[in-house]
Amino acid sequence: MARTLLVEIVTPEHIVYTNEVEMVVVPTLDGEIGILPLHAPLVGAIRPGEVRVKIGETTEWFAVSGGYVQVHEDKVIILADDAVIASQIDVERARQAKVLAEMRLSEFAPGSRDEGYDDLERGLKWAEVQIAVASAH
Amino acid sequence: MPNLRDIKNRITSTASTRQITRTMEMVATAKIRKAQDRIESARPYALSMMEVLRNVARFVQGASHPLLEEHDKRERIVVVAIASDRGLCGAFNSNILRLTEGIIRDERAAGAEVDVIAVGKKAIGYFRYRGVEPIASYRDMTDKPAITDARSIASRVIAGFTSGEFDAVKVVFNRFKNVAEQIPEIHDLLPLRHEVVEESADHLKVNPEYMFEPSADAVLERLLPTYIETLIYRSLLESAASEQGARRKAMKSATDNASEMITTLTRSYNRARQGAITNEIAEIVGGAAALEKH
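Residue numbers (this note's numbering), protein chains in the order written: chain A, -4 to 132; chain B, 7 to 300.
Worth flagging that the hints you see were computed from the coordinates, not collected in a lab. Backbone N, C-alpha and C define an ideal beta-carbon position, used for all residues, glycine too. Worth double-checking, as some hints may not be accurate.
[Claimed, not checked] Heads up, incomplete: computed chain A residues facing chain B, CB under 7 Å, no partners named:
no., residue
1, H9
2, V11
3, A35
4, L37
5, Q65
6, D69
7, Q83
[Unchecked claim] The following label-pair restraints were derived from C-beta to C-beta distances:
no., chain 1, residue 1, chain 2, residue 2, range
8, A, G26, B, E119, 34 to 40 Å
9, A, A131, B, Q25, 40 to 46 Å
10, A, D113, B, E139, 23 to 29 Å
11, B, M56, A, A131, 33 to 39 Å
12, A, A131, B, G117, 43 to 49 Å
13, A, G26, B, D112, 48 to 54 Å
14, A, E68, B, Q25, 33 to 39 Å
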């Protein structure tokens, strides 16, 4: 067995995933980083997007809504605001959330960043990411 | 002589009250476990978050961030009062409201205005009644707080603090010490104390050089607001568990009191019944004796 990484995907509410894997790919602010065993210590911010985890021949996909990644001694901790494995994404619900968020956002006056705007925008992004990840796999 | 029927009625009504309080006690007991589990599952994130924060902070010398800055003035402060939506939980809510009142009084004496963010119907109702309109209020989530609730509270206080609208933020909540004990506490939320990012850099094991993506400053800047969210989320969870703990305790003593009352009432009921029987016998005997004379 090749050398592996321990990966943990954690949200404030629970641990989404933890496993020994061969490679992790996380979406960083300006691209993607692939992490293999023996990776140098790293702390990075991640954007809403897709996390890929490779174990042998299989790959697992996750939608994450942004957060942080820390790599230290073959341990990868992904701190995400929200995270869900691709197979468990509720696409219908994400679609509804998207429509609702868009509707609410359109009610804001152009250019205004009033209270609640950021929350809605964050919710919209999260819904879009879930839809994208679910439809890609 | 108390009326037999009256006593009987009181016993019946006390017994049904006891049935209710006993059920509430059991429900609360079950909910404590769930609430504790929720605190537990929030722990890994909080711990990892602290670790990342420390690692980052060590690389940002003399970290400066709006959330770490103490304002020159102290004119307006905000208290986040975390109470509950429902009553019947002993001193749970009144402890929070009393502490909050204390802060308001002290800060006003020191010349600062105080605004309140009320969490839970009991807090909202209380402050409205006292003529203090909360600048934000949250309801229907105190028994099962979600991270999104914490996020929306956090974004409100962060926005207000960075824009200079207010100069300090405190949070008042019941800390869940154990099932039997909940401790009302006041925590300073903003400005973040520097120790948060500076402490314990020394006693961490010798640390490797970290790479940062995109940069240590950028990561720290995003990390601090998330840290605030985590703190608020934690307070909400603690409060939710405490509420159930407090309710269980209150309902247990209510049940005990009801039992005691039933015992006393049953005793006087029996005494009254016996008295009535004795009376009847005396009447019959008296009546018989009167008849015999004829």
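Structure-based check of all given hints:
no.	hint	verdict
1	H9	holds, 4 Å
2	V11	violated, 10 Å
3	A35	holds, 6 Å
4	L37	holds, 5 Å
5	Q65	holds, 5 Å
6	D69	violated, 12 Å
7	Q83	violated, 17 Å
8	G26/A x E119/B: 34 to 40 Å	violated, 47 Å
9	A131/A x Q25/B: 40 to 46 Å	violated, 56 Å
10	D113/A x E139/B: 23 to 29 Å	holds, 24 Å
11	M56/B x A131/A: 33 to 39 Å	holds, 34 Å
12	A131/A x G117/B: 43 to 49 Å	violated, 58 Å
13	G26/A x D112/B: 48 to 54 Å	holds, 51 Å
14	E68/A x Q25/B: 33 to 39 Å	violated, 58 Å
In summary, the structure is inconsistent with hints 2, 6, 7, 8, 9, 12 and 14 from the numbered list given earlier, while agreeing with the others.
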